[in-house]
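Peer 1: Okay, here's what each chain looks like letter by letter:
There are 2 protein chains.
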Amino acid sequence: MGSLDFKEGLVTAVVREFKSGDVLMVAHMNEEAVLKTLTTGLMHYWSRSRRKLWLKGEQSRHFQRVRDVFVDCDGDALLFDVEQTGGACHDGYRSCFYRKVKRGKSVRVLKKVFSPKKVYR
Amino acid sequence: MGSLDFKEGLVTAVVREFKSGDVLMVAHMNEEAVLKTLTTGLMHYWSRSRRKLWLKGEQSRHFQRVRDVFVDCDGDALLFDVEQTGGACHDGYRSCFYRKVKRGKSVRVLKKVFSPKKVYR
Chain A
1 MGSLDFKEGL VTAVVREFKS GDVLMVAHMN EEAVLKTLTT GLMHYWSRSR
51 RKLWLKGEQS RHFQRVRDVF VDCDGDALLF DVEQTGGACH DGYRSCFYRK
101 VKRGKSVRVL KKVFSPKKVY R
Chain B
1 MGSLDFKEGL VTAVVREFKS GDVLMVAHMN EEAVLKTLTT GLMHYWSRSR
51 RKLWLKGEQS RHFQRVRDVF VDCDGDALLF DVEQTGGACH DGYRSCFYRK
101 VKRGKSVRVL KKVFSPKKVY R
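So the sequence lines, in the order shown, correspond to chains A and B. Residue numbers in the first sequence follow the working numbering, run continuously in steps of one, and reach 121 at the last position. Residue numbers in the second sequence follow the working numbering, run continuously in steps of one, and reach 121 at the last position.
Derived from the structure by calculation, the hints contain no laboratory data. One or more hints might be untrue.
Note: identical chains are not told apart, hence a pair may lie in one copy or across any two.
Result set (DMTMM-like, lysine to aspartate or glutamate): computed pairs, CA atoms no more than 25 Å apart in a straight line [claimed, not checked]:
#1 LYS118 - GLU83
#2 LYS112 - GLU83
#3 LYS100 - ASP74
#4 LYS100 - ASP68
Based on the sequences and whatever the hints tell you, model everything.
Peer 2: Next up, the structure:
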């Protein structure tokens, strides 16, 4: 896939919904997360806060199945088109970008697709 | 806009072409870059390699004019819809994600829209 440039061990992953093209989330991947993602076809990330490998959906069952992968010019970012089960955002939204900035304030522009309380127990 | 979480001083910026919705690039912003971007309406970044604030287009004249801004759930990533003059990628493409990964190899899927040699002299 061309050589990746893991800056401080990580590349940035932008994740897009395959059908709509909507941006769902941004996360980070170490080399193991990239390999696991490419070999299993399911998105894996490196959690910077928990400092561990993380299969997206391991708790929520909201898996992300990889359809297409793009790599950027300098090899430190990957763009994934995925089929998203449920919602990508732990707040219950399809996308983590559910707030639009208007005149310096953020306004919610998406509706919840699941209840975080029920999914993350 | 809600409080941002500058991890090691930076948030991740995903930049999308306003009309097409195509993802153009991923870059990083420190607080000054966010403020400059919001006050001028032109994308500014923090260059991690050059360790300096950077107005996108300052050399190429390929400016990015901000149309919409979204913030993610945990405030460490911003999504910008922009009007892109010329191309976003210093390699001469509209988008930095001009390579698709196919069977472990990267294949160019976009055509150049400008000559880097002519633009970056």
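Peer 1: Give a verdict on every hint.
Peer 2: How the hints compare with the structure:
In this assembly of identical chains, LYS118 and GLU83 lie within 25 Å of each other by CA distance solely inside one copy; the values are 22 Å within and 40 Å between copies. For a Cα distance limit of 25 Å, the shortest separation of LYS112 from GLU83 inside one copy, 18 Å, qualifies, whereas the shortest one across copies, 29 Å, does not. Within a single copy, LYS100 and ASP74 get their C-alpha atoms only as close as 29 Å, which misses the 25 Å cut-off; across copies the closest is 14 Å, which meets it. Taking CA atoms no more than 25 Å apart as the test, LYS100 paired with ASP68 passes between copies only; the shortest distance there is 8 Å, against 27 Å inside one copy.
In summary, the structure agrees with every hint in the numbered list given earlier.
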